[in-house]
Amino acid sequence: MSKILFLNGPNLNLLGKRNPEVYGSKTMDDINLLVEEKANSLDVEVLFYQSNAEGDLIDFIQNQRGSIDGIIINPGALTHYGYSLKDALLDAAIPVIEIHLSNIHGREEWRRSIISDSVTGQIAGFGWRSYTCALEVMVGLVGDNR
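Sequential numbering from 1153 applies to the sequence shown in this note's numbering.
Note that these hints are calculated values from the structure, not bench results. Some hints could be false.
As the list claims (entries may be wrong) - As a list, the in silico SDA-like pairs of lysine to any residue whose alpha-carbon atoms are at most 20 Å apart: (1) K1238 to I1275; (2) K1169 to W1280; (3) K1155 to G1273; (4) K1238 to F1212; (5) K1155 to L1293; (6) K1178 to L1199; (7) K1190 to G1279; (8) K1238 to I1266; (9) K1238 to S1270; (10) K1178 to T1284; (11) K1238 to N1215; (12) K1178 to P1162.
To be verified - Computed Cβ-Cβ distance ranges for the label pairs, DEER-style: (13) G1273 to K1155: 16 to 24 Å; (14) D1269 to F1200: 22 to 30 Å; (15) Y1201 to H1232: 18 to 26 Å; (16) E1188 to S1219: 12 to 20 Å; (17) E1188 to G1295: 16 to 24 Å; (18) A1229 to D1296: 27 to 35 Å; (19) G1218 to G1168: 30 to 38 Å.
Fair warning: this is a prediction, and the values are worked out from it, not measured in the lab. Beta carbons are placed, not taken as given, at the ideal position from N, Cα and C, and that holds for glycine.
The whole structure should be built from the sequences, with the hints applied where relevant.
Structure below.
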C-alpha cells in the first residue's frame, strides 16, 4: 500500500480560527479527517505532520526517507522564504505536490511560491478540497512510478 505524507507549515495549526474568510472555517483536524476518508476510498495510507518550524519539517522529511511514496505539502508562510525546505523536498526524490487553501496567484505579489519550481505540481485556491484533490493526483503519480 502506498504511503503519502501530508506536511503543513507555520500557522496551519490555527485553521478555523485564523482568517476564515480566506482559509475557510475547517480546522486542521477537520481537513485531516476528510483526507483520511478519501485515503480509505483510494486504498492508500496517509501520514500527517505540522510544525511552525522549518527545521522540524526538514527533519521529518529526512526521517521518512524510504518509507513514503509521495509528499503533499502546504508550506504556509515558508512558501515565500523556505529555501532549506525547498532543498529538502528536492532531496526527497519522490513526487511532491504543493497545495494552498487560497489562490496565492490572485493575492499579493509577495505571496508567490519560491518552491513551485521544485515540486511536481501545485494545487491552490480550492480550500480544503485542495488537500483531497492533491491526494487523488498523488495516487495517480505514485501508481505511474511503480
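For each hint, the structure was consulted:
Taking the CA atoms of K1238 and I1275, the gap is about 17 Å. The hint holds against a cut of 20 Å. Using a Cα cut-off of 20 Å, the hinted pair K1169 and W1280 holds, with the two alpha carbons roughly 14 Å apart. Pair hint K1155 plus G1273 holds up; C-alpha atoms about 18 Å apart against a cutoff of 20 Å. Our distance criterion of 20 Å between C-alpha atoms is met by K1238 and F1212, whose separation comes to about 14 Å.
Note on K1155 and L1293: the hinted pairing holds, with a Cα-Cα distance of about 12 Å set against a maximum of 20 Å. Note on K1178 and L1199: the hinted pairing holds, with a Cα-Cα distance of about 19 Å set against a maximum of 20 Å. A hinted pair counts as satisfied when its Cα atoms are at most 20 Å apart, and K1190 with G1279 qualifies at roughly 16 Å. For the given pair, K1238 sits about 8 Å from I1266 by alpha-carbon distance, which is consistent with the 20 Å threshold.
With a C-alpha separation of about 7 Å, the suggested pair K1238 and S1270 falls inside the 20 Å cut-off, and the hint holds. This hinted pair checks out: K1178 and T1284 have alpha carbons roughly 14 Å apart, not beyond 20 Å. At roughly 16 Å between alpha-carbon atoms, K1238 and N1215 fall within 20 Å of each other, so this suggested pair holds. For the proposed pair K1178 and P1162, the alpha carbon gap of about 17 Å is at most 20 Å, so the pair holds.
One distance hint, 16 to 24 Å for the beta-carbon pair G1273 and K1155, holds here, with the actual separation near 19 Å. Distance hint for D1269 and F1200: a CB-CB separation of about 26 Å, consistent with the stated range 22 to 30 Å. The hinted window of 18 to 26 Å between Y1201 and H1232 holds, with their beta carbons roughly 20 Å apart. With their beta carbons about 18 Å apart, E1188 and S1219 fall inside the hinted range of 12 to 20 Å.
Between E1188 and G1295 the CB atoms are about 20 Å apart, so this pair conforms to the stated range of 16 to 24 Å. In this structure, A1229 and D1296 meet the distance hint of 27 to 35 Å, their C-beta atoms being roughly 32 Å apart. The hint said 30 to 38 Å for the Cβ distance between G1218 and G1168, and at roughly 34 Å that hint holds.
Violated hints are absent here; each numbered hint is respected by the structure.
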